[in-house]
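Student: If you read the protein sequences in the order shown, they are chains A and B.
Take the first sequence: its letters are residues 6 to 306, numbered as in the numbering used here.
Take the second sequence: its letters are residues 9 to 315, numbered as in the numbering used here.
Since the hints were derived computationally from the structure, they do not count as laboratory data.
A hint or two may mislead.
Unchecked claim - Below, a sample of chain A positions facing chain B; criterion: calculated Cβ distance under 7 angstroms: (1) 190; (2) 193; (3) 197; (4) 199; (5) 206; (6) 215; (7) 219; (8) 220; (9) 297.
C-beta atoms are modelled at their ideal positions from N, C-alpha and C, and glycine is treated no differently.
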Amino acid sequence: MTAPTLTKDAAAPAAPAARAADAGRTAQPAGARHLPSLVRSSARRAGRGIWASGAILLFLLLWELGPTYLASPSTRVFLPPLHEVLRALGSLLAKGQLQNHLAASLTRSASGFGIAVVSAVALGLLVAWYRSLDRFLNPLLEVFRNTAALALLPVFTLLLGIGETSKISIVAYAAFFPVLLNTIAGVRTVDPLLIRAARSLGLSNFRLFQKVILPSAVPTIFTGIRMAGTSSILVLIAAEMVGAKAGLGYLIVNSQMSFLIPDMYAGILTVSLLGLLVNYLLVAVERHFSRWRTAVGSQSN
Amino acid sequence: MTRATGQAPKISLRDVGKQFTVRPSKDQPEGTTLTALEGITLDVAAGEFITLVGPSGSGKTTLLDLLAGLTRPDTGQVLVDGKEVTGPGRDRAVVFQQYALFPWRTAAANVAFGLEGPGSDGRRLSRKERTDKARHYLELVGLSGFEDRYPHELSGGMKQRVAIARSLAYEPDVLLMDEPFAALDAQTREQLQEELLRIWRSTGKTIIFITHGIDEAVYLGQRVAVLSSRPGRLKQIVDIDLGERSGDGDVRSDAVFVEHRHQVWSLLHDEVRKAQEAGHAKIRPDGSAPDEAPQLSKGQLSKGRAA
Ligand SMILES: Nc1ncnc2c1ncn2[C@@H]1O[C@H](COP(=O)(O)OP(=O)(O)O)[C@@H](O)[C@H]1O
Ligand SMILES: [Mg+2]
Numbered sequence: 006m007t008a009p010t011l012t013k014d015a016a017a018p019a020a021p022a023a024r025a026a027d028a029g030r031t032a033q034p035a036g037a038r039h040l041p042s043l044v045r046s047s048a049r050r051a052g053r054g055i056w057a058s059g060a061i062l063l064f065l066l067l068w069e070l071g072p073t074y075l076a077s078p079s080t081r082v083f084l085p086p087l088h089e090v091l092r093a094l095g096s097l098l099a100k101g102q103l104q105n106h107l108a109a110s111l112t113r114s115a116s117g118f119g120i121a122v123v124s125a126v127a128l129g130l131l132v133a134w135y136r137s138l139d140r141f142l143n144p145l146l147e148v149f150r151n152t153a154a155l156a157l158l159p160v161f162t163l164l165l166g167i168g169e170t171s172k173i174s175i176v177a178y179a180a181f182f183p184v185l186l187n188t189i190a191g192v193r194t195v196d197p198l199l200i201r202a203a204r205s206l207g208l209s210n211f212r213l214f215q216k217v218i219l220p221s222a223v224p225t226i227f228t229g230i231r232m233a234g235t236s237s238i239l240v241l242i243a244a245e246m247v248g249a250k251a252g253l254g255y256l257i258v259n260s261q262m263s264f265l266i267p268d269m270y271a272g273i274l275t276v277s278l279l280g281l282l283v284n285y286l287l288v289a290v291e292r293h294f295s296r297w298r299t300a301v302g303s304q305s306n
Numbered sequence: 009m010t011r012a013t014g015q016a017p018k019i020s021l022r023d024v025g026k027q028f029t030v031r032p033s034k035d036q037p038e039g040t041t042l043t044a045l046e047g048i049t050l051d052v053a054a055g056e057f058i059t060l061v062g063p064s065g066s067g068k069t070t071l072l073d074l075l076a077g078l079t080r081p082d083t084g085q086v087l088v089d090g091k092e093v094t095g096p097g098r099d100r101a102v103v104f105q106q107y108a109l110f111p112w113r114t115a116a117a118n119v120a121f122g123l124e125g126p127g128s129d130g131r132r133l134s135r136k137e138r139t140d141k142a143r144h145y146l147e148l149v150g151l152s153g154f155e156d157r158y159p160h161e162l163s164g165g166m167k168q169r170v171a172i173a174r175s176l177a178y179e180p181d182v183l184l185m186d187e188p189f190a191a192l193d194a195q196t197r198e199q200l201q202e203e204l205l206r207i208w209r210s211t212g213k214t215i216i217f218i219t220h221g222i223d224e225a226v227y228l229g230q231r232v233a234v235l236s237s238r239p240g241r242l243k244q245i246v247d248i249d250l251g252e253r254s255g256d257g258d259v260r261s262d263a264v265f266v267e268h269r270h271q272v273w274s275l276l277h278d279e280v281r282k283a284q285e286a287g288h289a290k291i292r293p294d295g296s297a298p299d300e301a302p303q304l305s306k307g308q309l310s311k312g313r314a315a
């Protein structure tokens, strides 16, 4: 990341003395001879960066210009150009409305997600450890798992009302199964050789669980947690669209009904940014916990 | 050499037998019992290095599991220090062919694994004591400076060194090794054989070393125990005396070595042939195909078999 600044400094002798000296000190080991290759490699990196964001930029460009030059005037009403959406986003931010909706959504999804992760990991460990519990519960879990969470939304609303409880519950429900299934799979796929090795060292069942089974299952569990994160946002937005007084889903639907079309798009844009951010964070966490795994052909897999 | 004359043996197998129930298959819907070991009687002296060879499926791993306390015998007794083995214990350590390192732990943390519980005297080591010990044993196996590497960053030979260090770290009296060098290339294997002998001399452990390599058995063992084909019985024990092996000379081309090697080879060859004649080789429950019948060449018995 520092490479472009370095080359610029070194190439511009007119730069202030202090900075030049500073840059010179850090750039010294590379030496002036390597300068061209340094420039080339950073140019290549920049080129790759432009290419990677090319599709996004094109899409945004199309969004900006399409409605103005390509669409019929009636369509333009329902599909405002990007700058109008951004202006709406700005004013929603300025009025503090967006923050309120975002906070409402985040609180709900975080609570539901948290409840799901804790309970699913706990149940998953129990089910994976006790075969008889697995045989007993598995058919029921299979039925629930294959029932789309949103299909149950009316049931949750009827039983728990349209308040926070029903929304948190449905998020928890949707996030529960990916974590549960991955926890079970993670424990099941522990290398039996590692268990033999630990047993030969005289570990008790509890220690075996704590020191071998759990750590070995952690990467798989985190894969489930990442999947759960994505689905918890998805389900929450849908739930908020059906019955809520705040939240991003509510913002989107309410703007549509009040014919505040740019606001609606601002809501959608926020949802997709939130989704990206959550996914990015969870991927980083997952990677952190799986860093002992080799990419391919690891003996532990 | 220390031999069990007068003093009580470290390890004592008395008429040990082990059977397995074979799950019902198409051919045998009833399910049958398979005798893996039968009437094994063997004493091993403290500080002795004994190697165990036998055709594939002759029950070598089964015997090691019994010694480790991972399974119990169906007949007879397994004694260590005169006491019956009822489960795994800190007086014995196992080294597996596939290393069995914990991939989420660094080399040092792997070595420290066995040090984390209460020790044999009930005392818990502090973190620093554990680190020091791990470092010491990694040094003993020639891996100084690799403390912070994860297993996937190490070569096969290095992994096995870590595994050996892990076994040595909690200071067992007995080292049980199940074809530990079988997955390594020839050069690394020779190097590790060398180091194992050095460690054995300097620590005085009792070592039971399973192998399917005849050269390896003769080179390492003070005695070579030859198992018969299934059901595994103790066919013969060959005393090995290669004199003082301190020089750099190639012991393996010594006349004495060659002679011992041939003796073990003949014993094994009979067994492999018998196994084939009895049809054992055709349907081997360990899953190896009939055309993979053990081939005796260059001191290697059936290379294709995984432990
Ligand atoms: N858990 C088990 N269940 C059934 N049969 C087994 C089991 N373990 C080993 N055997 C059988 O016992 C015999 C001896 O196996 P093993 O000790 O692994 O042989 P070796 O290590 O000498 O190749 C083989 O025929 C094998 O199939
Ligand atoms: Mg074996």
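Student: With reference to the structure, classify each hint as holding or not holding.
Tutor: Hints, verified against the model:
| no. | hint | in the structure |
| --- | --- | --- |
| 1 | 190 | violated, 17 angstroms |
| 2 | 193 | violated, 17 angstroms |
| 3 | 197 | violated, 10 angstroms |
| 4 | 199 | holds, 6 angstroms |
| 5 | 206 | holds, 5 angstroms |
| 6 | 215 | violated, 10 angstroms |
| 7 | 219 | violated, 10 angstroms |
| 8 | 220 | holds, 5 angstroms |
| 9 | 297 | holds, 4 angstroms |
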